[in-house]
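Use these hints to put chain B onto chain A, whose structure you have.
Each chain, letter by letter, is given below.
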Amino acid sequence: MRRGKAPGAVAACAAVAAVAAVATLGACAPRRVRAPAASPSDGSDVTLYRDLALVRQRVELDVPASGVATVRVRIPAGLGAALVHALPQAGLALVALREPGAVRAALPPPAPEPSAERSDEEALDVYRMRREHPAEPEAAPARERPAELELTVRARPGRAALWLGYVTTRLTWDVAYTLTANAARDRAVLRGAIAIHNTTGIALPAAKVRLVDALLDDQRAYAARELAARLTAAGGTRPAPPAAPRELGRLDLADGDTRVELVQGAAPRPMRSILVYDPIGTQYDRTGRNPVMEPDLGIEPPASRRVDESFEIERDPRASTGLPAGPARLLERRADGTLALLGEGRLFEATARVAVSDTFAVGTADRVTGARARRELTVDGDRQRVVEEFVITIENTRPRPVDVVVREHLYRGTNWTLAYISVPVSGETKEGPQQVAPRITVPPRSKGRIMYAVVYTW
Amino acid sequence: MLARMGRTLLAAAAVAALSLASDAAPAGPTPTRITVWGQFGGATYAGPLAGAMITERREVELGAGEVRISGVAATLEPASVQLRDLTEPGATVTEQRFVPGAGTPTELLARHVGDAVTIVTPRGEITGVLRAADEQTLVVELGQGDQRRLSILRRDFVQDVRLPAGASDQPSLVVRMAGKKPGKHAVELTYRAAGLTWSADYLAVLDEAARTMDFSAWATVKNATGTSFERAELVLASTSSTPAAAATGGKPAGPIRFAVPSPLRLAAGDAVQVELVPARVAAKTTPVVTYEAMEDPSSAYQDSPGDNCTELSGGGLGGTAELALEVAVPSQVPLPEGKVRVFRRQGERLDVIGEEDLRSGAGFARIKLAGDAEVIGERKAVSCNVDERAKTIHERVTVRVENRGKLAVDVVVREYLWRWPVWKLEAEDKKGLRTGTQTQEYRVHVPARGSQTVTYAVIYTW
Numbered sequence: 001m002r003r004g005k006a007p008g009a010v011a012a013c014a015a016v017a018a019v020a021a022v023a024t025l026g027a028c029a030p031r032r033v034r035a036p037a038a039s040p041s042d043g044s045d046v047t048l049y050r051d052l053a054l055v056r057q058r059v060e061l062d063v064p065a066s067g068v069a070t071v072r073v074r075i076p077a078g079l080g081a082a083l084v085h086a087l088p089q090a091g092l093a094l095v096a097l098r099e100p101g102a103v104r105a106a107l108p109p110p111a112p113e114p115s116a117e118r119s120d121e122e123a124l125d126v127y128r129m130r131r132e133h134p135a136e137p138e139a140a141p142a143r144e145r146p147a148e149l150e151l152t153v154r155a156r157p158g159r160a161a162l163w164l165g166y167v168t169t170r171l172t173w174d175v176a177y178t179l180t181a182n183a184a185r186d187r188a189v190l191r192g193a194i195a196i197h198n199t200t201g202i203a204l205p206a207a208k209v210r211l212v213d214a215l216l217d218d219q220r221a222y223a224a225r226e227l228a229a230r231l232t233a234a235g236g237t238r239p240a241p242p243a244a245p246r247e248l249g250r251l252d253l254a255d256g257d258t259r260v261e262l263v264q265g266a267a268p269r270p271m272r273s274i275l276v277y278d279p280i281g282t283q284y285d286r287t288g289r290n291p292v293m294e295p296d297l298g299i300e301p302p303a304s305r306r307v308d309e310s311f312e313i314e315r316d317p318r319a320s321t322g323l324p325a326g327p328a329r330l331l332e333r334r335a336d337g338t339l340a341l342l343g344e345g346r347l348f349e350a351t352a353r354v355a356v357s358d359t360f361a362v363g364t365a366d367r368v369t370g371a372r373a374r375r376e377l378t379v380d381g382d383r384q385r386v387v388e389e390f391v392i393t394i395e396n397t398r399p400r401p402v403d404v405v406v407r408e409h410l411y412r413g414t415n416w417t418l419a420y421i422s423v424p425v426s427g428e429t430k431e432g433p434q435q436v437a438p439r440i441t442v443p444p445r446s447k448g449r450i451m452y453a454v455v456y457t458w
Numbered sequence: 001m002l003a004r005m006g007r008t009l010l011a012a013a014a015v016a017a018l019s020l021a022s023d024a025a026p027a028g029p030t031p032t033r034i035t036v037w038g039q040f041g042g043a044t045y046a047g048p049l050a051g052a053m054i055t056e057r058r059e060v061e062l063g064a065g066e067v068r069i070s071g072v073a074a075t076l077e078p079a080s081v082q083l084r085d086l087t088e089p090g091a092t093v094t095e096q097r098f099v100p101g102a103g104t105p106t107e108l109l110a111r112h113v114g115d116a117v118t119i120v121t122p123r124g125e126i127t128g129v130l131r132a133a134d135e136q137t138l139v140v141e142l143g144q145g146d147q148r149r150l151s152i153l154r155r156d157f158v159q160d161v162r163l164p165a166g167a168s169d170q171p172s173l174v175v176r177m178a179g180k181k182p183g184k185h186a187v188e189l190t191y192r193a194a195g196l197t198w199s200a201d202y203l204a205v206l207d208e209a210a211r212t213m214d215f216s217a218w219a220t221v222k223n224a225t226g227t228s229f230e231r232a233e234l235v236l237a238s239t240s241s242t243p244a245a246a247a248t249g250g251k252p253a254g255p256i257r258f259a260v261p262s263p264l265r266l267a268a269g270d271a272v273q274v275e276l277v278p279a280r281v282a283a284k285t286t287p288v289v290t291y292e293a294m295e296d297p298s299s300a301y302q303d304s305p306g307d308n309c310t311e312l313s314g315g316g317l318g319g320t321a322e323l324a325l326e327v328a329v330p331s332q333v334p335l336p337e338g339k340v341r342v343f344r345r346q347g348e349r350l351d352v353i354g355e356e357d358l359r360s361g362a363g364f365a366r367i368k369l370a371g372d373a374e375v376i377g378e379r380k381a382v383s384c385n386v387d388e389r390a391k392t393i394h395e396r397v398t399v400r401v402e403n404r405g406k407l408a409v410d411v412v413v414r415e416y417l418w419r420w421p422v423w424k425l426e427a428e429d430k431k432g433l434r435t436g437t438q439t440q441e442y443r444v445h446v447p448a449r450g451s452q453t454v455t456y457a458v459i460y461t462w
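Chains as they are written, first to last, in this note's numbering: chain A, 1 to 458; chain B, 1 to 462.
Simulated from the structure, these hints should not be mistaken for lab results. Accuracy of the hints is not assured; some may be wrong.
Only pairs whose alpha carbons sit at most 30 angstroms apart, straight line, appear in this in silico BS3-like list of lysine-lysine [said to hold, decoys possible]:
#, chain 1, residue 1, chain 2, residue 2
1, B, K380, B, K431
2, B, K380, B, K391
3, B, K424, B, K380
4, B, K284, A, K208
5, B, K339, A, K208
6, B, K430, B, K391
Just so we're clear, the structure is a prediction, and the values are computed from it rather than from any experiment.
Extracted from the complex, chain A is given alone in its bound form (with noise of 0.2 angstroms):
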């Protein structure tokens, strides 16, 4: 109430004018205070992580004669004047960014007290170590409603814009896909939206979105070594990006919820029934660069016997690039124009995400079941590696040939190579950074086995 810069507050300093007007004229008008306050307009952009939310937020003020402007910005809640940077800019110089009623006023030190267990020299020991390293200015704490900057700025007169990055946690996303599946279960089409929670309490109208589907730190330390690597001409390889960015478009997040079309129009993908076993799955998965020593990892307890009756859906590389991991519902489309549902699963998760098709389970697989075996594990200290060798038995018991992908993931760490695997594989087998997918025909009431020896280095 005392800056006075909201207008119940400027109401209130009014009313108590009338009673001393000198004396609270100085402390509640609001001080050089020339544009309006500024509501971002077109022109922010942001960048949603999975974590957090990169802002360039856009302020437009109008510079009078005097070469100097006020302006009052309000700032997602959460954030004050320390976590906020006016991103500099040729002809404009920020002169100060203002955040009124961040810090609390500190208490003075507290004299000694005298006391029955402690001596004076102790006492005037804590009297002097309060006194010598006093309480940092306590924050006020974070608040739900957003913030209000004050910017003075220097510019030429006339309509100028500057720009406020900061990173926020209010704004978040969810995301789901459905497959809607044709009759003869032989084409898919995919559909999906994204929902933008805005929950900053401000609107970014016309804001330029982009998604990358990976925590902020992840993509950071990419860009920075991708950056390096650039500078240094370094050999080698080039890391790879955690997540490919998909541009949304300008869209209004105003404040609230705000849904999207991720896939339109996308053209019918080829589907087909197939059998699939995974009997480690991904919770195994370590993303160190040094492999995992552990002798019985993924070994004990045993693995899963249990083969998936699964449709396969080729993916569209062109309109999945980008496209972030969410839930996903298989649907078909019956003749009589129902729905009904064949199956869930999820898509474009991190671990498949060079994946060229998506399966998904929609049953335990009838008279087919599956083994993994280990068959050697060397560490090998000297020559920093680890080979691991396993053999994957598929037992087919029906009258019919089942053709089965053997999805294999090479948890013990991200560096490793396929030193040997007993049935051919292309560019396809890979689908993740720690996950292949080698596939079998497996006779009728027969048994067919892949075997395959991995080697970690570090």
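Chain B alone, transformed into the frame defined by chain A:
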């Protein structure tokens, strides 16, 4: 009701402030000079550890009674107050008292115990002398003589409390001055106060295509003194030593000071960001690789010298190499410690590159990008002699850096003179630059698949 009562109290306090302002008002447009101390690492200067020194001019009425200077910082340290009479330099302060401000409704009321007040209740107004106040009740003395009685009122029953004009609830300094000239005097008041702090942080936006950088340095000043300063001339001081200390034979130099170019309004509770040095826009950058043979061990040797010559004497490959970008900055002293947020601009987009500690020296800032695997190094103390009687350590150190990459690189070898804060270089085969209290840097150009060696001799004395 309580809210309404609070409003009335505030209004009354404003009236009180007005009446006092005539007694001791800030002297017109004269700005308040404030030096705010920030705490940064590597401090060797024995200055104030935190807080601020505040100097302001006031006009007071010198007469027979007390002079009340209100509106001083609530965190004022009474022992630090210095009052100088500018009108009559010979005038002296004979008595001084600090009266803290009231911070809660009960404290506000307690200040007026003994004052005539008017209590407004739903049943009407009661005028009397306030005798006591606590969280639940007010006690008002009514009537006179044999009609005298105490009325006890529940606080939630009270709508307003009207206070007498002229009372102060602001933190005030009350002094008695002895002088020959009564009347208006201009005085200069200087005191130390806690609750004013500042910290530095930086912003770097890389334009990859142009290989340029926008760089800005910011100080965030927080005012928790409970008092507003309308025109504050700010000097931000950091307790890090300047590189000029090298010229004094290793003795700590004074603090680094940054003056904010124009007076600021620093209201109570404000956090204000101001530029520490003018921003650089589209400044050229220079990639360098920094090599540190070890992490800085000097903090462990501030109380006694590291006189064990076998300790950290080196040998064998090791250390850390990092790719960084350097940009020239308009500052002849190193910028204070702080985080630099690094972004990359691609077209209209920004990517986050990192948030790192800024490294800087006179005229440049260095921003780390990523680790560098192509540069390795080796540090070795080739001789080390401790003389207990002369209280000296002579040490000669060589650092060899090797570039395994395909391109030549500029390598900055960062060496920590860690054995004792007082040191002097006796010899160096390449001209080095002191960038911190116990940090020396050597810049060498290392060809592709080549190496360079730096040798220096240092003497520590204590």
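Here is how each hint holds up against the structure:
About 19 angstroms separates the Cα atoms of K380 (chain B) and K431 (chain B), which keeps this hinted pair within 30 angstroms; it holds. Of the supplied pair hints, the one linking K380 (chain B) and K391 (chain B) holds, its CA atoms being roughly 23 angstroms apart against a limit of 30 angstroms. For the hint linking K424 (chain B) to K380 (chain B), the alpha-carbon distance of about 19 angstroms falls within 30 angstroms, and the restraint holds. Proximity of K284 (chain B) to K208 (chain A) is assessed by CA-CA distance (about 29 angstroms); at most 30 angstroms being required, the pair is judged to hold.
A C-alpha spacing of about 28 angstroms is found between K339 (chain B) and K208 (chain A), which places the hinted pair at or below 30 angstroms, so the restraint holds. For the given pair, K430 (chain B) sits about 27 angstroms from K391 (chain B) by alpha-carbon distance, which is consistent with the 30 angstroms threshold.
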